[in-house]
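Participant: Quick mapping for you: the protein sequence lines, in order, are chains A and B.
Basically my numbering = 1-based index in the first sequence + 23.
Basically my numbering = 1-based index in the second sequence + 327.
Derived from the structure by calculation, the hints contain no laboratory data.
Be careful, since some hints might not be right.
One-sided and incomplete, this derived list gives chain B residues near chain A with beta-carbon spacing under 7 angstroms [stated by the list, open to error]:
| id | residue |
| --- | --- |
| 1 | D349 |
| 2 | M444 |
| 3 | G529 |
Each pair of labels, with its calculated beta carbon distance range [claimed, not checked]:
| id | chain 1 | residue 1 | chain 2 | residue 2 | range |
| --- | --- | --- | --- | --- | --- |
| 4 | A | S282 | B | G421 | 45 to 53 angstroms |
| 5 | B | T360 | A | R31 | 39 to 47 angstroms |
| 6 | A | G50 | B | G353 | 52 to 60 angstroms |
| 7 | B | D329 | A | R31 | 34 to 42 angstroms |
| 8 | A | A220 | B | S446 | 19 to 27 angstroms |
| 9 | B | A449 | A | V202 | 19 to 27 angstroms |
| 10 | A | L147 | B | A474 | 48 to 56 angstroms |
Where is the CB? At the ideal position from N, CA and C, for every residue including glycine.
Residues per chain, in single letters:
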Amino acid sequence: MALLTEGRIIPLIAFILTWVATYIAIGMGKEGKIKIRRIAGLDAIEEVIGRSVEMGRPVFDIIGMGQFTDIYATQTIAGLSILSYVSGLCAKLGAKLYAPQARVDVMPVAIEVVRDAYRVEGKLDEIDVDEQLPYLSGTQFAWASGIIGMAARMKPAGNIMIGPFWAESMMFAETFDRVGAMQVGGTARTYQIPFFAALCDYVLIGEEIFAAGAYVSGDPQQIGSIAAQDWFKFAAIGLSILGALLASVGVNIIAELLSR
Amino acid sequence: MDYRRDIPLAITFLIGIIAVLDYYTGVQVITDTFTLIKNWGVVIQGFALGLGAVNLLRVHGKRISQRSGGTDWMFSGWLLLMMAMFIVVGLGTGQYDAGPTYSWIYNAIYLPLGATMYSSLAFYMAYGSYKVLRARNFDAALLFITAVLVIMGNTPALAATFPGLFYTREWIFGPIVSGAYRGIRIGIGMGAVVLGIRTLLGMETGYLGRR
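Looking at chain A on its own, in the form it has when it is part of the complex (with noise of 0.2 angstroms):
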C-alpha cells in the first residue's frame, strides 16, 4: 500500500510549503514588518455596536448554519471569533447581544465564547445565554424564520452576519435592512456574496472572513499570518498565468503537475 495518497502529493507539498509560509510570516509579524490593509467592514463593528448603544436598541449577530464536522467548519471558526470580539464589545458598551443558534454541537461553544466575553468585561450577570443565544431549529426555514420574527418584533439597531450562509442570507439581510439595522455581512460562500453585497452596508468577500479572527486580535503574530495568504495567491497568479501561457503553445506541464 501507497504511503502518500494518489493524486494528493503535490497538494501535500502545497500544504507543507504553506505551513512554512504561515511560520515566516507569524516571525515577521513579530518583529512589527508586516502590514496589512485596513478592512473597513470590521473597523464598521464597532460602529455598529456604539449604535446600537445610542438607539438603546440590541445587536445581532449571526454565524450562520455550519457545523464542526463540515466542509465550512473555518467558515464557523471565523464566525465564533468574530462573535467573541462582537460579545466583548457588547459587554464593554453595554449592547443588548442575540445571537440565534442553529447547530446543536456549535452552540455550547457560542455560549461558552459569550459567557467568557462577558465574564473579562465583569459582567457576566447582564447576559442570559437562554434568552439571549436561543436555540430556534436546526433546519434552514424554521431557523431563518425564526430569526426574521425576533428582528421584525425586536427592531435591531446592528446585525453582524458571518459565517456560512445558504439562501437565508436574502431573508435576513432585507429584514434587517428594512428594520433599519445597520449591517455587517460575511461570507466565503459565493452565491450568497451578491447578497450581501446589495443590502450590507459592509461587506467582508470571501477570504477576509478567515483573515477576521487575526485582524481584530491586534495580535501582530497572527496579523503576520495573513501575509502567507498573499504570497499564495501571488504564487497561484503566477501559476495560472505561466500555465495559460504554456497550455496556449500546447505544454501542459503546470496542468499535469498539479494533478500528482
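On the provided structure of chain A, position chain B as indicated by the hints.
Facilitator: Frame of chain A, contents of chain B only:
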C-alpha cells in the same frame, strides 16, 4: 499553565494532525483512528441534540409560565406541543422517522411550511434587485446594463428570437464572471488553509473565547 485554554488547544492540534495525515496518507492505523474520532463526534452530536431540546424547553417553558412577550407565549406553547408530538409519534411507534404517521406529519405540515418560506425568496430577491439596480453612478449603471442583458438572455422567448442575447449572456458568464469567480475561490481556499494552520498552531483562539 492555563488548563481551560491549553487542553482544548492540545486536543485541537492532535485531532487536526490526525485528520491531515488521514487525508494525505494511506496508513491504515491513521485511517482507523480518524474513523474512531469521527464516530465519537457523532455520539457527542447526539448528546448536543439533547442540549438543544433542553434549551427549547427552558426558554419556551419560562415564556409560558411568565406569559411574557405579549401573545408570544402562545407560540411557545405551540412549539412545545409540536415538539412533544414529534417525539411521541417517533418513539411511540418504534419506527422513528420511518413510520407512516411521522412521515405524514412531516410531509403534510413541515415541508409545505418550508416550501412557503423558500418561495418567498422571490420577493426578497425582487426587493434586493430593486435596491441594487438603480443607475446612480457609472459602476451601478454598468451593473444595471449587465443585469438587463443577463435577464434578457435568460428569457426563452427573447433568446429564441434574438440568439445574440443568449450568446451575450454566455459570454458574460464565461470569460467575465468565471475569471472573477475563480479569483475569489482561490482566495477563499488559501484563507481557509491558513486559518486551519493558525487553528492547529493554537494561534486562532477566538472560538475558545477570550482566555
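Participant: Each hint needs a verdict: does it hold in this structure or not?
Facilitator: Verification of the supplied hints:
| no. | hint | result |
| --- | --- | --- |
| 1 | D349 | violated (9 angstroms) |
| 2 | M444 | holds (4 angstroms) |
| 3 | G529 | violated (11 angstroms) |
| 4 | A:S282 <-> B:G421: 45 to 53 angstroms | holds (51 angstroms) |
| 5 | B:T360 <-> A:R31: 39 to 47 angstroms | violated (18 angstroms) |
| 6 | A:G50 <-> B:G353: 52 to 60 angstroms | violated (34 angstroms) |
| 7 | B:D329 <-> A:R31: 34 to 42 angstroms | holds (36 angstroms) |
| 8 | A:A220 <-> B:S446: 19 to 27 angstroms | holds (23 angstroms) |
| 9 | B:A449 <-> A:V202: 19 to 27 angstroms | holds (21 angstroms) |
| 10 | A:L147 <-> B:A474: 48 to 56 angstroms | holds (49 angstroms) |
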